[in-house]
Amino acid sequence: MATQTMTAGAAGEAHAAHAEQTFWQRYVFSTDHKTIAMQYLFTGMAMAVLGGFFSYVFRMQMAYPGAEVPFWGIVTPAAYNTLITNHGAIMIFWVAMPVLIAAFGNYLIPLMLGCDDMVFPRLNRLSYQIFLLSVLVLFSSFFVKGGGFGGAWTVYPPLSSKAEYNLTPGGSTIFLIAVALEFVAFLMGGINFITTAMNSRAPGMKMYDIPMVVWTIVLASILFMGSVGPLVAGAVMLIFDQTIGTAFFDPNRGGDPILWQHLFWFFGHPEVYVVLLPALGIVAEIITVFSRKKLFAYRTAIYVAIATCVLSFTVWAHHQFIAGIDPRMANIFTVTTLLISVPVAQMMLVYIATLYGGSITFTTPMLWALGFIATFLLGGVTGIFLGTAGSDIYFHDTYFVLAHFHYTFYPIAIIGSFAGFTFWFPKMFGRMLNETLGKIHFWVTITAFSGTFLPLFVTGILGDNRRIPDHRIYPELDTPMLNGLREFATISMVIMLLVQFVFVFNVVWSLRRGKKAGKNPWKANTLEWTADSPPPHGNWKDLPRVYRGPYEYSVPGRSEDYWPQDVPN
Amino acid sequence: MIAKYLVAASTSAGKIDFIIEVIFWVVIVFWFVLAEATFFWFLLRFRKRDGVPARYITGEKASERRWIVVVPGLVLLCDLAIMGLDGPVWYEVKQSLPAAQQTVRIVGQQWAWSFVHPGPDGRLDTADDIKTVDDLHVQVNTRYHFKLVSRDVLHSFSVPVFRLKQDAIPGRVITGWFEPTTTGTFDIQCVEICGVGHGLMPARIIIETPEQHAAWMTGRAAGRIALASAAPLAGD
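One line per chain: the protein sequences are A and B, in this order. Using the numbering used here, you'd call the opening residue of the first sequence number 1 and step up by one each time. Using the numbering used here, you'd call the opening residue of the second sequence number 1 and step up by one each time.
These are calculated hints, taken from the structure and not from any lab test. Backbone N, C-alpha and C define an ideal beta-carbon position, used for all residues, glycine too. Don't take every hint at face value.
Among chain A residues calculated to face chain B with C-beta under 7 Å, some are [as the list claims (entries may be wrong)]:
id, residue
1, Y64
2, A67
3, V69
4, F385
Computed list of lysine-lysine pairs in DSS-like fashion (alpha-carbon distance at most 27 Å, straight line) [as the list claims (entries may be wrong)]:
id, chain 1, residue 1, chain 2, residue 2
5, A, K162, B, K61
6, B, K15, A, K523
7, A, K519, B, K61
8, B, K48, A, K206
9, A, K515, B, K131
10, B, K15, B, K4
11, A, K439, B, K131
12, A, K516, B, K48
13, A, K541, A, K515
14, A, K145, A, K162
15, B, K131, B, K147
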């Protein structure tokens, strides 16, 4: 892109300020948490483009089976499987995780805690390096003999463990290695987040003065560290099954394929909350600022988030009700799964109650945050149909499940990320985004998103089963109504992808022409808004001191409706 | 609700539809609509107006905090009610195994369903078994056990009109049951990804009256005899 100019600029500045910082040190191998955050952010966004393109290709196949898809061609069954598998894996492991946890975590934690960097900057550096390696490893899996892995992102053996079944001898192993590397990267990042939050808070900042988004990212990191171990072990066992002939998951030789499902979902379900929590935190920051309100019951909300984390360890087998586990187990997991609706409902109530009595302005970041609440509610309530064992017998592995988790993951990974990005863009780049373009982007995206997944709830209720390239071979599923709904979903989805060009244009234009942001354009309280925009290396000349909690908005008796954390009484 | 669009063709289907309907009314029509309505009402009511500052509410006082205690308490009650209704249905469909009148074997493999029906003697694994690919013939109002096996990878046997689904696992025989209540021909799906041909595993379940079923069985038996007598000729 602008490598040449950046090199020249960086070199010039380096001479002026710190002669020891070369271009490579400053932009490529930097240990600055903000640079690492940007690397995670833009890598994650690039992966989102790839994951989005994959979904475009297979959605076209769903709506127009057998037709040639523009920019792709005919979608073969093998390609279809590879596309859906990697769409899922990319969107969760290479988009939601790097953007929500790594990018926002790296950017915000030191700035919101009032310190100059992470406690382990080099470990942080290594974390991104390994993450990038995992991306390259994943890419390489598409180009080996047999092509990329196509056994779904859940990688269930024996399909995933034997080449004669999956027909992707190289792809299936490389896929697992890529996922395992990604986990290693996030373990390093997580250690950093937790340690930094424990040790590097600004003087005066007590636990109850920490902004919600830092709490949620740290809790998500703890949750990730607690749940990922079994899956890493499982991944190594599966790689051994594939390559050196062990039989951990091979029923013909004493193994058990169900074991993998337990290891996978013991991680896989907490993972939902690993990405949900940062998004909840981002939304909390935004709605308090734009309703000029204190977060309702902030302390309780922290404990609710912790309770959600604990409960999330106990629900995994609701993915396996009909998988051949002892049916008596389903009763236990129905209870735990339905119970988790209580803390999640509390969290939603905290947000809705925060709006009560507010003075709400509908800026672009606020629209995204509110859009998160409006859409995530539907994702949440539809989960009850699936957590209840009896109704799950019918809904399991239908498009109802798919629509449900897209109504949770899309608000989390896409809406939540846009909320955070548009909110902190002025801090990250020193300029404001264009509001009109931002609002066009928001309204078209959220409408097209609903147009994509609401029809898929219906096709699921009427029996559409998952991961089928062409439903018309099933007489019951080849009806004008179902075909129409599939086509409607695809058209909406294409519109949703196309409108992202408005976003890209807005970012590029605003970076050059946007209004200068100043330190605190939103009149927010938290510490990152006291640093320059963008903050320099080291963040502050004099590190801030904290005198109060993060949400003291509209305090009676003050002339201004905000009260930054670092302003003495 | 679902039955309007997709026949409920087994004794369990209606019960599962009932659970779905209860959840729909409690969770979607009540909770979801209530939450969204409150949310949008607050957005409208508390939008920024000149000269009206936001109120300072901490939510930490007991009188305020009850909103996030009492309401989730009601959510919990609804959860308990759903669990209470669901337990017996799950028990009946998946945990209990009422005595069978007939037993069939269902075999999943890459990429077809094949079925072993007991022949006229009514018993599996005898010489008169009838083996088919892609067509499962059953008799209406008869309680069936199925023995579900897989030859290679995971598959999942699904009959949407029965609201029935069960994964097949290589190395294991999973026994379940169903009792058809309506005659007709319906879809059997594979709902667990099983490789490149996962989309090519449609099969059909043919639910017949006792007379039709007997006629089908006789026809198959006749076919077998014809084949057997033709075999030496083919050998020449």
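Right, here's what the structure says about each hint:
| no. | hint | in the structure |
| --- | --- | --- |
| 1 | Y64 | 15 Å, violated |
| 2 | A67 | 16 Å, violated |
| 3 | V69 | 16 Å, violated |
| 4 | F385 | 5 Å, holds |
| 5 | A/K162 with B/K61 | 60 Å, violated |
| 6 | B/K15 with A/K523 | 56 Å, violated |
| 7 | A/K519 with B/K61 | 34 Å, violated |
| 8 | B/K48 with A/K206 | 32 Å, violated |
| 9 | A/K515 with B/K131 | 75 Å, violated |
| 10 | B/K15 with B/K4 | 15 Å, holds |
| 11 | A/K439 with B/K131 | 62 Å, violated |
| 12 | A/K516 with B/K48 | 25 Å, holds |
| 13 | A/K541 with A/K515 | 25 Å, holds |
| 14 | A/K145 with A/K162 | 15 Å, holds |
| 15 | B/K131 with B/K147 | 14 Å, holds |
Violated hints, in rising order: 1, 2, 3, 5, 6, 7, 8, 9, 11; the structure is consistent with all others.
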